Amino acid sequence: MSLDRSDVEKIAHLARLQIDEADIPEYTENLSNILDLVNQMQSVDTSQVEPLAHPTDAVQRLRADEVTETNLREKLQTVSPAVEEGLFQVPKVIE
Amino acid sequence: MFEKTLAELAQGLDAGEYSSVELTEAYLSRINAEDGRYNSFITVTPEQALAQAQAADATRAAGEAGAFTGLPMAHKDIFCTDGVRTSCGSRMLDNFISPYNATVVEKFNSAGAVCLGKTNMDEFAMGSSNESSFYGAVKNPWNTDCVPGGSSGGSAAAVAARLVPAATGTDTGGSIRQPAALCGITGIKPTYGRVSRFGMIAFASSLDQGGPMTRSAEDAALMLNVMAGFDSRDSTSLQMPIEDFSSQLNQSLKGLKIGLPKEYFSDDVNPVIAQQVQAAIKEYEALGATVKEVSLPNTALAVPAYYIIAPAEASSNLSRFDGVRYGHRCDNPVDLEDLYKRSRGEGFGAEVKRRIMVGTYALSEGFYDAYYKKAQQIRRLIKQDFVDVLADVDVIMGPTTPHPAFKIGEKTSDPIAMYMEDIFTLSLNLAGLPGMSIPCGDANGLPVGLQIIGNYFAEQKLLNVAHMLQQATDWHRMSPITAASAGVSEV
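Same order as they appear, the protein sequences are chains A and B.
Offset between the first sequence (1-based) and the numbering used here: plus 1213.
Offset between the second sequence (1-based) and the numbering used here: plus 15.
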């Protein structure tokens, strides 16, 4: 299965990844090869097979709805690129 | 001292032959002197290590030492360590000083372990050669032109080069077992859910599992005693009674039933590896085991299924790296989309980008059934293969990898060739089963790994089976250090 340049550009946009223009041909080739590999799956009839999401088919554990965590905002924000008054800063999104 | 296992070092500490501070200083100066050749550490933490060693010596003096008190070790740089850079091998987290500890780190701290530093790894654990690290490739101590395997390549190389007696690793598709095989050490990937994933930076959440990388099965049991256990902070943590993984090591193997999957002994396996693995199986027969051929017919499908499930989960997990809350942020973003795209484009390396894009494609509108659902159906077929065989035999054995360590740069331009190196290890992660790799031979100066696969929760059995071979043979004592200096100077 073969992808073209516009497919790779679209996927990179969906993944919010900037890809250098010069690298697009290599990604196109690599991703096409990987899709060829994974498409080997299509030769197997799995119409009667239940998908396996968890290795031991375990279900999500629930806990009581109680406050168990303390507020670590200040400590956690020590590694943030831009913070003001406890808020994360990003470029203006509303004009 | 550097050839000693954890168990032997613990005896020396108990006997007062050396203190934990002396041991720690000796290992730190060895890392300082030797690691330039291997690049196995990203960060060495001498101050924290010496403080932990002093505390351990005080605990011992007070008569309160446990099995791990004062023993040196290292963590793969995927485990968040409070106050220490936790990079995950990525430029994205080059500036990330973790504000908290992973459960695994906390458990070793509570056990009195001394962490010497954080080991190198493939970026976000994506790789089989440790060449995708932002901090440069790790060199295999057996031959520094060769890769150590990956993604836990720094841990494997550090343990093999005697820079540390043991280290933690993580295994999503073979990342403990494959580098253990290529570096000639012992590694175990426990049953999915045995070891807490809290604070272990996520790659593919339904596959990731932490585990020990050591020089013997006895040491792996010691480490697993510290690492394993239920953790309420990990939603997929197993609620199992606590086991003593050291307690069954010496059980006789008389009557042990070993299954040899014919798919694991195909012509694609390097003939020297096949021969050495067969020789190890003969040793097991001498120890009283019986052998039969079995079949895991869906083995070849593990690679395609894995390369949908792992990238799909990775694309979701790695969406958190957005340049907003922590991690790399690009300079002067013009708007939010530019901030996301450039921060991620600059922060991630090529292999991580490839996998995020494969995962994004597989999960994109209209493709879910053809890729992710299909891969999960194949996943059940692979699991069922193992369940059927393990109803009939106690353990499954085969080579851990089809080839010995390859040359640095040999497979970097061909991702598919790299992926195929994990053909025998990926399927266990898909099935969630425990597996080990132990050294069992030598292929022209490079180590050979024997993979031992057991049923769910059968870690005690695997460790017992591995330990008994290590009592009967000396493959686990092979050392690249003594091999290199043999005949040149005294050892």
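Do not rely on the hints blindly, as some may be mistaken.
What the hints assert, rightly or not - In silico DSSO-like links for lysine-lysine, alpha-carbon gap of 30 Å or less:
hint, chain 1, residue 1, chain 2, residue 2
1, A, Lys1288, B, Lys388
2, B, Lys277, B, Lys297
3, B, Lys19, A, Lys1223
4, B, Lys122, B, Lys19
5, B, Lys277, A, Lys1223
Please keep in mind that the hints were generated in silico from the structure rather than gathered at the bench.
Since the model is a prediction, treat every value here as computed from it, not as a measurement.
Against the structure, the hints come out as follows:
1. Lys1288(A) to Lys388(B): Not satisfied, since the Cα-Cα distance of roughly 40 Å exceeds 30 Å.
2. Lys277(B) to Lys297(B): Given pair lysine 277(B), lysine 297(B) holds - Cα atoms ~17 Å apart, limit 30 Å.
3. Lys19(B) to Lys1223(A): 54 Å, violated
4. Lys122(B) to Lys19(B): Answer holds: lysine 122(B) to lysine 19(B) is near 23 Å, not above 30 Å.
5. Lys277(B) to Lys1223(A): The hint is violated at about 43 Å.
Hint compliance for this structure: hints 1, 3, 5 are not met, and every other hint is.
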